[in-house]
Amino acid sequence: MMKHGPGTEDEEEDEDGPFKERLVERQVMRVVGDTIEVDAEGLQYRDLNLIIKQNAWAGRKRFKIFNVFGQRYIGTGVDREVDIEVYGTPGNDLGAFLNGPTIRVFGNAQDGLGNTMNEGLIVIHGHAGDIAGYSIRGGRIFIKEDAGYRVGIHMKEYKEKVPLLVIGGTAQDFLGEYMAGGRLVVLGLTLGPEAHHRANFIGTGMHGGVIYIRGDVADHQVGEGVARAVLDDKDRALLDQVIGEYCRFFGGSKEEVLKASFVKLMPMSSRPYGKIYAY
Amino acid sequence: MPGGKGHIARRNNPYNQDKVSEACGLFGMMSKTGKVFDGTNAIRAITNMHDRGNGLGGGFAAYGIYPEFREYYALHVMYMSKEAKKGTEAFLPEHFKIIAGEEIPHDDKHAPPDPPQLWRYFVAPPREVLNEEPTEQDNYVVQKIMEINTKIEDAYVFSSGKDMGVFKGLGYPEDIGRFFRLHRYKGYIWVVHSRYPTNTQGWWGGAHPFSILDWTVVHNGELSSYGINRRYLEMYGYHCTMHTDSEVMAYAADLLMRKHGLPVNVVASIMAPPFWEQIDRMDEKKRNFHKYIRMTYGSLLMNGPFTIILSHSGEMIGLTDRIRLRPITAATKDDMVYLASEEAAIRVVEPNLDRAWIPMGGEPVVGKLTPKAMEEHEVSGPREAHGRKARGKDL
Amino acid sequence: MKDPGGKKGKTKRVGPPPIKSYLPPEFMIDIDDARCIRCEVCVRQCSYDARYYDAALDRIMTRDENCVNCNRCVVFCPTQATRIRYNPMTYRNNSNWRPEGIRTVLRQAETGGVILTGMGCDRDYRIYFDHLVLNASQVTNPSIDPLREPMELRTYIGRKPDVGEIDLSSGEVGHEYPNLQLEIPVMFSAMSYGSVSLNVHKALAMAAKQVGILWNTGEGGLHPSLYEYGPCTIVQCASGRFGVHSDYLNAGVAVEIKIGQGAKPGIGGHLPGEKVSKDVSETRMIPEGTDALSPAPHHDIYSIEDLAQLIHALKETTDWKRPIGVKIAAVHNSAAIASGIIRAGADYVALDGLRGATGAAPKIIRDNVGIPIELAIASVDHRLREEGIRNRGSIIASGGIRNSADVLKAIALGADAVYIATSALIALGCQVCQRCHTGKCAWGLTTTDPWLTKRLNPEIGKERLVNMLKGWAMEIKEMLGGMGINSIESIRGNRFHLRGVGLTTEELKVLNVRHAGE
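Sequence lines, in order, name chains R, U and C. 182 is the number that the numbering used here gives to position 182 of the first sequence; each next residue is one higher, with no gaps. Throughout, the numbering used here is defined as the position within the second sequence, counted from one, plus 1000. Throughout, the numbering used here is defined as the position within the third sequence, counted from one, plus 2000.
It should be emphasised that the hints constitute simulated quantities derived from the structure, not laboratory data. Idealized CB from N, CA, C, for every residue including glycine. You may find that some hints are simply not true.
[Unchecked claim] Sample of chain R residues lacking proximity to chain C, with all beta carbon distances greater than 10 Å (derived): (1) Val28; (2) Asn55; (3) Lys64; (4) Glu85; (5) Glu157; (6) Lys159; (7) Glu177; (8) Tyr178; (9) Gly192; (10) Thr204; (11) Gly205; (12) Gly223; (13) Arg236; (14) Leu238; (15) Glu255; (16) Lys259.
[As the list claims (entries may be wrong)] List of simulated lysine-lysine pairs, DSS-like, C-alpha gap at most 27 Å: (17) U:Lys1286 with C:Lys2509; (18) U:Lys1032 with U:Lys1372; (19) C:Lys2020 with C:Lys2440; (20) R:Lys259 with R:Lys159; (21) U:Lys1291 with C:Lys2321; (22) R:Lys259 with R:Lys234; (23) C:Lys2020 with U:Lys1286; (24) U:Lys1109 with U:Lys1032; (25) U:Lys1151 with C:Lys2509; (26) U:Lys1291 with C:Lys2470; (27) U:Lys1097 with U:Lys1082; (28) U:Lys1291 with C:Lys2509; (29) C:Lys2315 with U:Lys1291; (30) C:Lys2209 with U:Lys1285; (31) C:Lys2321 with U:Lys1285; (32) U:Lys1333 with U:Lys1291.
[Claimed, not checked] Partial pick of chain R residues on the chain U-facing surface, computed with a CB cut under 7 Å: (33) Asp47; (34) Phe69; (35) Gly70; (36) Thr89; (37) Phe106; (38) Asn108; (39) Gln110; (40) Gly169.
Could you build all of it, start to finish, from the sequences and the hints given here?
Here it is in structure tokens:
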């Protein structure tokens, strides 16, 4: 049989080529002052998260994680008020079920950010993917740029917990779907001068909470059962505070941002589907 | 080489499932200027998304890898039995001129368990066919592939394009990449897929990409419309034999783009159309257009969650379903275009991107070779020209 | 006590007195004396002359032999004082000679005629819809929530191109065949004016307009007052060609050639002269009081090429702007017939199954001729695809579509849309007593007697129809969402989402559906 085509060159000794496993001595973790620094390169997410958890339970309060490439569930299960800085691209479900920590990401986040979060703070210096803040019950999330689909889906409120989700740019379809409580703020700062929010089905199924959108959205973009309301003093005070915090994290001028008009969206009823069933 | 333990469907598909559900990870990278590079980075990216697969399938598609055999169709065939090889090797010379045939080089040290025999043949259609339009030659090849896949038991042609190839099998993609020694091939598009089937044990033919001619598709998701997509395509001569829903996407691409000459944005509007309520709000011309498209091609609406990377010579296309139930991130750096299920996978290959973004559902992201690059790689021009002329004959 | 002749007796006896009947009444009317307040509503409501008030006895008296179990009195009695029950005649148990069979022979012996009946086949043939179950998505594919995410039921009926022709530079599209737009894949099936009242037609037309679907005039023409509903009307051209002229043909948005219907495949129709009132006469364009006879075949269609000729004649009359459909009964070689019809140029084929209803048909034909619609859809859809001509026309299925699950299963088997008639009449009050052919419908539906027809208020009728369809539409959306589908195109012909339960291998093969569990 003749040999043709690639892959058939004479065998080299090092035939594994780039796949050859190179064992390199590397320090994964070290203590710098009061901070635990972790080099996450090549680290499985279970190992990475275990390092964070064990040190947090031992009383450490500050963490810096470098070379993050897709590790999931960072911050999950820590349950302490610690401070975690993430450098790189954290994987899905960052801060899932978060209950206390502050996580700051210097990069983009993926899907499932703050999934079912209960308490804590997440700050993303970049964009986020889909279903950020899914079922979030408490705590705050600040995203500097854009976010994906179904952001804030089924956000809730409970007793004194009123979660806050702030998107500096724009979001995609089904924003605040099924929202039951909490505050969702979209600032549109990434939109060019002629560009508009493109999200459709905003607040579809909403039965609690409030959505604030800087700029405007067309009626057909707003889901059924969602009404536009007029902003009152409480709203403005909230926006002032929220945008102030946003600018402290990411820069920019609060006054400039507040100059634009805002749309306030609320549910028409807390029982939007009462009439469709026959008994 | 071990082989021949019976019909694939019976052995590896013990529940006789018509289709297998997919959950997976995918990644694609392309150089718009036609620079060629090996599969190492694709492997690194998919390894990073290891958790999205479960080892029951991995595969690659690479374009521009057979420059010396550019004018010939490179058939990659898997044989589950000795008879299958005999039957196919009797069939091929009757219907093609065979320039070369050999086992696909692989590394036995990194072989997944029990691989079938894997062969490749560089072929050309017989002279009478060569005199016809290029699209007729393509139709001829498609017909012959369908014949092999449906009539010769245990034989499956899993790649059939020019100057490109699919490499896939039952194992994690990084292992498959090692098995096929993909660091020795150089191409300008590399697409890789990691499979997580939920219904069956997985089988060699069920890994992605799925392909026909130089169309390849990798798919994350499940097509709830598979039953009708498949029956519609059967009317046009495409037969689904791979027991996996993703197969219909490759055939749909061939039908719509090659035979019917429709461009990418129209195909996206067929597979992931805007909603009627959005169409009703458009201006009259656009409204009419979308209504016409949906009415004509409604049976190729791809329902259910999907992210796909659809590629052919000269183009790499990323598309998601219209309510974006599956993730995708797109990115660019200089002349490179990246698509992935997770952004982190792209960052592993290129930490400093010019731009990274998440496209809306139903809106395609297209990486295209520059005209100069197309010339260099001898990629034919816009398909519309061929498609339109041949349309009458195809029916 | 019997009151011979009765106050409202309408039948005039002609000829020698009838043979004494050996048939006791089929039903018995019970009246609870304690509850009855002698308001006489039941007497006034009964159109079959089964009750009268005897002033001397101060009691409501009954003529049980006239009762047809239409339940009008039961529903309208303000004190729930009355009830209808089967007359408990006892026959020795006999699986072969059931009471119904015995009664039928007796009646034929007395009358020498063909026994007539109304509505659809009530026999115990297998109902395939009740043996098909639907899929739902879990884990591998998310179900979609129709209350919050879009769910599309819009359907187009008509021929579709095989290849999309688009001028890429201008965005113009190629030749567009005429199509009908439906907001939900359900339409009102043909019920002729004469077999049903004008008020029924009005209610159907108004409901179709509101929901965004179509209704069908049936073979009795289109009453002038309904021309304003033309944009949601399909006009039928049947063998009797009643009321068929070019204005009529252009009044609706499609023309349907009626070859047959599921209730009486192969035979014609007969509207007795008594039902041809002035209005009916004007609409059908025949003299008042004459019988309206629809021949069995169209006398210009004796072979398939004749059908092609008629189809094109209609296309010419409507300037090729309206889809032309053909309605046939589902019979043994429906697949071949449907293929021929599509090749003859029809834009849709309407298949009417064994369970299809009628205003009047011989009982023996209604109950024994034709095949169930489920099997017909499956084989027609399969045959058209095999021949590569499925795009050339739509399939509309009818005959026993009882609820939204039937609709969805019919579509999964391959239909583009369904026609409903019985369920529409039930929504308007019909109790399926099967006495439509008498023209005495107490609910005012299948009659042209003005005293009765006014009992249906078209506005209220429309509300009831719209309500029913609203409920069905929501249910269909829920089921689709459950399957992970958000567009009806993706379930059409998608047999993978169906499974059979308790069906034989042969039946599963014809339906091309797997057994549940596989």
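Hints, one by one, checked against the model:
no., hint, verdict
1, Val28, "holds, 35 Å"
2, Asn55, "holds, 36 Å"
3, Lys64, "holds, 37 Å"
4, Glu85, "holds, 34 Å"
5, Glu157, "holds, 19 Å"
6, Lys159, "holds, 26 Å"
7, Glu177, "violated, 6 Å"
8, Tyr178, "violated, 6 Å"
9, Gly192, "holds, 26 Å"
10, Thr204, "violated, 4 Å"
11, Gly205, "violated, 4 Å"
12, Gly223, "violated, 7 Å"
13, Arg236, "holds, 30 Å"
14, Leu238, "holds, 26 Å"
15, Glu255, "holds, 37 Å"
16, Lys259, "holds, 34 Å"
17, U:Lys1286 with C:Lys2509, "violated, 43 Å"
18, U:Lys1032 with U:Lys1372, "holds, 10 Å"
19, C:Lys2020 with C:Lys2440, "holds, 24 Å"
20, R:Lys259 with R:Lys159, "violated, 33 Å"
21, U:Lys1291 with C:Lys2321, "holds, 17 Å"
22, R:Lys259 with R:Lys234, "holds, 17 Å"
23, C:Lys2020 with U:Lys1286, "violated, 74 Å"
24, U:Lys1109 with U:Lys1032, "violated, 35 Å"
25, U:Lys1151 with C:Lys2509, "holds, 22 Å"
26, U:Lys1291 with C:Lys2470, "holds, 24 Å"
27, U:Lys1097 with U:Lys1082, "holds, 22 Å"
28, U:Lys1291 with C:Lys2509, "violated, 35 Å"
29, C:Lys2315 with U:Lys1291, "holds, 23 Å"
30, C:Lys2209 with U:Lys1285, "holds, 26 Å"
31, C:Lys2321 with U:Lys1285, "holds, 20 Å"
32, U:Lys1333 with U:Lys1291, "violated, 37 Å"
33, Asp47, "violated, 14 Å"
34, Phe69, "holds, 5 Å"
35, Gly70, "holds, 3 Å"
36, Thr89, "holds, 4 Å"
37, Phe106, "violated, 12 Å"
38, Asn108, "holds, 6 Å"
39, Gln110, "holds, 6 Å"
40, Gly169, "violated, 11 Å"
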